[in-house]
Every structure is written in C-alpha cells, then in structure tokens.
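*Asks:* Spelled out, the chains give:
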Amino acid sequence: MNYTLDFGALLSNGYPALILGGLMTTLKMTALAWLLAFGLGSVLAILRMLNRRPLNYVIALYVAFHRNVPMLVHILLWYFGVAALLPVALNDAVNQWGGEFLFSMIAIGLVTAAYVAEDLRSAIRAIPDGQMEASRSLGLSYLRSMRKVILPQAFTIAIPPLTNQTLLLFKNTSLAMAIGLIELTGAGREIESATFKTFEVYTVVTALYLAVSLLLMLGGACISKHRLAAAKR
Amino acid sequence: MLDILSDNWLLLLVGQYPNGAMGGLVATVGLALISLALAFPFGILLALGRISTIRIFYWPSTAIVYIVRGLPLLMFIFWAYFFVPIIINRPVGGATTMIAALVIYESAYLAEIIRSGIQALPAGQLEAGRSLGLSYTQTMRRVILPQALYNTLPSMLSQFISTVKETSLGFVISVHELTFAAAQVNNILLTKPFEVFGLLALTYFTLNLILGGLVKLVENRIQIKRTMIVQVT
Amino acid sequence: MIQFKNVSKWYGDYLALDDINAQVRQGEVIVVCGPSGSGKSTLIRTVNRLEPIQKGEIYVDDTPVHTCRSIDELRSHIGFVFQQFNLFPHMSVLDNLMMAPVMLGRMNKKQAQESAATLLERVGLSHKAGAFPGQLSGGQQQRVAIARALAMRPRIMLFDEPTSALDPEMVNEVLLVMKSLAKEGMTMVCVTHEMNFARDVADVVWFMDAGKIVETAQPEQFFTQPASDRARKFLSDIRH
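Residue numbers (my numbering), protein chains in the order written: chain A, 1 to 233; chain B, 1 to 233; chain C, 1 to 240.
Rather than coming from a laboratory, the hints here were simulated on the basis of the structure.
One thing to keep in mind: the hints can contain errors.
Within a straight-line C-alpha distance of at most 25 Å, the following computed SDA-like cross-link-like pairs (lysine to any residue) qualify [said to hold, decoys possible]: (1) A:148 with C:50; (2) A:225 with C:132; (3) B:192 with A:91; (4) B:192 with A:82; (5) A:148 with C:230.
These figures come from a predicted structure and were not determined experimentally.
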C-alpha cells in the first residue's frame, strides 16, 4: 500500500474553512429540521389523542408514507418534484436563497416528525390508565389531567427514543449532499476530489460526526437522568 | 403517472438486465437480502461481545456499535469505496461497496436487537443450562440464542425493511438499484419529475407496507405460541 | 345521598350490573362484598361515572350522574380511593394533595398547604410531606391517597378494595384511617374483603353476586346468619 499519510495537505487552500462551513451547514440544518420535526410531531401526537376517526386515519397515512419511503427519496421528491410544481417566480426565488438546503430540511423534518409522533404516542400509552382515572376522580378536566399528570410523565418516558430520533436526524443531513448541498460530508468529498487525500479527509469528517453524536447521546442521557432523579429525589 | 409506469416498468423492475447488471426493484430487494444475511452472523458475534465480561470482547464490539450509531451510513459507504479495493487488492463495483458498507452498518443494529433479546430472557435459563453441566458456549448455542432469535424475529424483520430503504443510498455511488433507475427515467423524460419521483415513493411505500404486514403476521404468530406455552405449564 | 334506580350495565354482551336498586343515606357506611366478578367494583365506579351505565338512573344528592353535564364538578365532591393507589409519581406527597384544590380554585396555595399539612398529620404522615410516592411503602401510599381524596372536602368517600394490593402488615394502618373517617360521620361506600372492618364500622352490608345485590343486612346479622345460600358459601370460602 503506497500511501503516506499527510494531514498537512488539509491545512491549505481554505480547506479548513470548507470543512467548518460544511459542519455549520450540517448543524444549521439539524437545528431547523429538529424544530420542524418536534413541533409537527407533537401536534400530530396531540391531535391523535382527540380520537376522531377521520383525523386518525389521515395522521396514520402521513406516518405510514413518511416512514415507509426512504429519506433520500423524500429529498429527491421535494427537490426535483415539488420544486417543479412551484410557479416559476417562486422557484427562482427559492433557488436563489438555497433550494438544496430548504428542500432537504423540509423533507428530513417531515419524515422525522412521523417518528416523533409515534414515539410520543407510545410514551402516552405507557402511562397506566389509573393515572387519568385518579386525576379525573379529583374533578380535573381531561385537558388539565393531560397537562398536569399524563404529559409530564410521558415526556420523561419519551426522552430515550427522542434522543435517538435527534441523533438520526443529525446523521440524515448527510443525504443532502446527493442533491449538491455542501454540508459536512459534501465538503469532505470536495476536498477529497481536489487533494486525493481520502484517508485524511475522511478521518477528519468522521471525527467531527462522532464528536457531535457523542455530545447528543450524552446530552440525552443527562436530561433523562436529571428528570428521573427529580422524580425520586 | 400510470403511463410513466407502463412505459418504464421494466427499467424500474430489473434495471438494464439483461444488457447490464441486475437493477431496479429486484436489485434493491436482492441487495437488502444479501446484506442482511451476511450481517446476521456478525450481528450475533457483536451481540455476544456486547454482553461479554471479557474485556477484549467487550470493548471492540461496544466501540463498533457506537461508531455505527454515530456515523451516517453515507460516510460508511464512502469509507467502503476507499477501503474495500485496498483490502481485496482489485477494483470493486458499486454493488460490492454497498454490500460491504451495509453489512457493517446492519450488523451493529442487529447486534443491539439480539442483545436485547438475550437480556430479555429470564436469568434462570442460563442458570439451568449451566447447572446441567453445559459450558457457556453450549448453553448459548442450544438454549439462549434459539429463544432470543425466535423472540426477536419481528424486530429483525423490521430491520430488513430499514435495509431496503437504505439501499436507496446506492443512488449516490451509481449502484443500479430502484432509486437510480427512477433517476434514469427522470433524465429521459425531464419534464415530469414530480410524477417520476412520486411513482418511486409509491413503489417503496407499497413494498414496505407489504413487508410491514408480514412483520405483523409473524408477531402475532409468535404471540400465540408464547401464550400457548404459558397455558401448557 | 346516593340512589341507584334500576341500574344495569353491559360490557359488550356481558351483563355486569343487573337491575340494581339501592340507596345510601347521609352518614351511612356501606360495605359491598361478594365473589370476584360479582360486579362490586363496577358498581362503585358507576357512582362517579368512571364506568357509564346503559340503563337506569343514579343520583348523588339529587344530581343525576348518568346525564350530568359537568361531571368534573360532581367528581370534585366525591372522593375515590383506588386499589392501586394511583398517586402521581412525578409530584411530591404535598403536591399530590395540593394540586387539585388549587387548580380547581377551591383554595389558594397557602390554604391548600395548610389543609394538606393537617390531613397528613391526620393520616400519620406529616414527616413524608416532601417525599415522592416511589419512596413510600404501599400502606403509606394508600394513606396519602386517602388524604388526597379528602383534600377536596368531599361529601362522599368511595373505596375500591383499598387494602387488597397491600402486604398484610400494612392493611391495619389503612383500616384505622378509614375507621376514624367512619366514626366522624363521613358517608362511605367500601368494596372490601376485610370482614372485621365491616363488623366494626359498617351500618349495612351489601352482598353481591353475578351483578345483583343478593342480600342487604346489618353486619352482625350477615356474618352470623346469612339469609342466602350464596352468601353462606361465600363466607365459608373466605374463612378458609
């Protein structure tokens, strides 16, 4: 194997800036998609609890569609498909702003929302019926019981799966490179094709991904421990 | 959309076969099957490593699982693209790269499923095996693993569905699977991206919905068997 | 205070309550007993509409339970104690007691706190005010559950097998609290297997079987000379 490691080659030509720029793009997309995913996911979970047949059907369809179709296909569908349906003026404006970023973010956010809705739903179902009965027996309304008794407990239960979803969301941002967005993986590929220092550049990108993932996992574990400790004290 | 389907169904189903490698939907399912089948023995080994009390088994397997959880699949594919030709000492096609990456990725996820299956069994099972004089390995092979693998069958089938979705990433390295075939159709038609990618999404949707139904069937049969066992005792 | 008129309830095709007619007067202590599946828990749960009924009428102080529009308001005047305690695990003992009175505007925080402190003292658990349910024993949890129900100043207290989920050595501490409540004149309906409790404080015993109230009698009469065969069989079964 005729290969001499040369990390130094990565320090020139603005490559560090490219990598950091890619990382920033990845983090920005993660944050925005996260807000969309958790916001929409919570709304879907709450709407599910209203127990109206037609509404449940629509939500179930949304969840099934977004979970059974690969994330990459969603991105392609939004970037190529939906973009083509938009009126020309709007399409140009979006492309000026950054269509790759916007459509990937929307696609990733919507898919993750489906998973978040399901995780919240199982967490709520995990609370024993007796809790709602006890709260209602005291005279509290359904909504008040949800707010004060059910949802706080459900949230604690939901933290591990929700941490997992956040982690998956972060990893899925790499798919945006398929439509040309220069996020972290994309930046790595650019530098690789320019310098041919594949091993070095991939190592840096891998280290960055692992570092952020580790932080996310630790963050989730911390929050979980804190809430469990608060309930036991 | 129906006319696109009727015009291009052969391309979407088998890619350029017989004028080239197998592609399309058949390749997608084939890649997923091969990858998961190859990942299976590695998954068992990693699971055993994760529950081992012996340091040299525990730390590497835990490290592998954490790296897989922290790194996007796309990066694994690029690493495989780089490493596999070096290891085998000759140039490698996209499909082989894809399988190599998926095998590593899936074995980590299978390992966690199998691990939880093993840990869900009552401790008394291992104790009973050892009390009879069986070694740890023998007890694992004859008592623990058969039960754990049977019990986690639904989860492993769900992992197959995930693998099917992950084959779509082959698109990025020009592997001739379903998503790539759809992109080819789009490049031919050019004016109907929404229909083409919509059709692609519906194909995955239908396929995975059917697979999901199979998973439910298996789950139910296992449940029935479980309750039957309880009634006999 | 409580009136059942021709009350019937089905779970699908299964008849759980069969044409129940009964009443509970103010200050009375009723013990409901019977074999499992007799409908005694179902009956008590219909009073605050945790279980709906398909036929008949139920009145609590002239309010029709079965058609009541503001069921929350009605429930706030009825105290319910569950077999599984159902304390809120994410709140301290004090918060468990204070939450409902404050949320429903019955008391302000200070009044609720004082009321809660008094109740905790009454059930012998003042020292556990800051503890969380997970840190308490079963008997302690049930006493807190009784205090939580009392915090709303109910006119009626309903007990659904309050000691059935407790280890034997903790049954007594809960029964003592219930007895003192009875002695103060609280209107109580208790589903329980504790026959000594029935003998000590009950005014009337309702024996249920297969969804019907088979026998209504004074405790002493019921335990020594039950009128029906089914009651006789039940009593001999539980004595073994």
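*Asks:* Are the hints correct? Go through all of them and say.
*Replies:* Here is how each hint holds up against the structure:
Restraint check: the Cα-Cα separation between residue 148 (chain A) and residue 50 (chain C) comes to about 19 Å, which is no more than 25 Å; the hinted pair holds. A threshold of 25 Å between alpha carbons decides the hint, and for residue 225 (chain A) with residue 132 (chain C) the separation of about 16 Å falls inside it, so the pair holds. Of the pairs offered as hints, the one joining residue 192 (chain B) and residue 91 (chain A) holds, with about 16 Å between alpha carbons and a cut-off of 25 Å not exceeded. Our distance criterion of 25 Å between C-alpha atoms is met by residue 192 (chain B) and residue 82 (chain A), whose separation comes to about 11 Å.
Pair hint residue 148 (chain A) plus residue 230 (chain C) does not hold up; C-alpha atoms about 45 Å apart against a cutoff of 25 Å.
The earlier numbered hint that this structure contradicts is number 5, and it is the only one.
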